[in-house]
Amino acid sequence: MGYVGRVGILEQRRTGRRFTLAASTLVGRSSNCTLVLDEPEVSSQHAALFFGERGWAVRDLGSRNGTALQGAAVLAGKRLVVEAGAEIAFAGDVWVLADAGPPVATAVAPDGRRHHAVDELLALPDPLDPVVTISPPRIAGSPRPTRGRALSPTARHWPSRVGCGRWSCRPKPGGAAR
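Each residue of the sequence shown is one higher than the last, beginning at 1 in our numbering.
These aren't lab readings, by the way, just hints derived from the structure by calculation. Mixed in with the good hints, there may be bad ones.
[Said to hold, decoys possible] Distance windows between CB atoms, simulated: (1) Leu128 / Glu87: 41 to 49 angstroms; (2) Ser44 / Ala72: 19 to 27 angstroms; (3) Leu128 / Gly85: 35 to 43 angstroms.
Ideal Cβ placement from N, Cα and C applies to all residues, glycine included.
Whole structure, please, built from the sequences with the hints as guidance.
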């Protein structure tokens, strides 16, 4: 389990299935994909969705049956910005970007309480008395947290024991949207 935040949500047009996107999501039939689609027309690694400076974007990975954004073909390898409410078709499987919000790191306590990052800093087990702070990788010269231990968001830290128990990041990539 890695450092995963609450990010965009895709909703399948046909079924209403909701999928929580990781900051970078691989879409396709392969079990190695983040969003696995059980559709014969979808390639094993069909497309990628990711969050960047301009918001959400989609890129076709040279799929056999193509990716479309708002009905227009996405050329293989080309990144196109995806706005909230836009339709993305992986072959014939149509999804809508239902939530285009930026990534927000979230940790879940053993008792189910959720703590959300503020200004990209996640303080655990309590924001007022942190034992550990988790933030994006430091840029040279940026200040270090003044209290507790600082962690960079790497997979080896999650789930992590902090304070009163074992914490985990939520939602997991591909988990049901809440």
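Mind listing which of the numbered hints don't hold for this structure, in increasing order?
Hint check: nothing fails, all pass.
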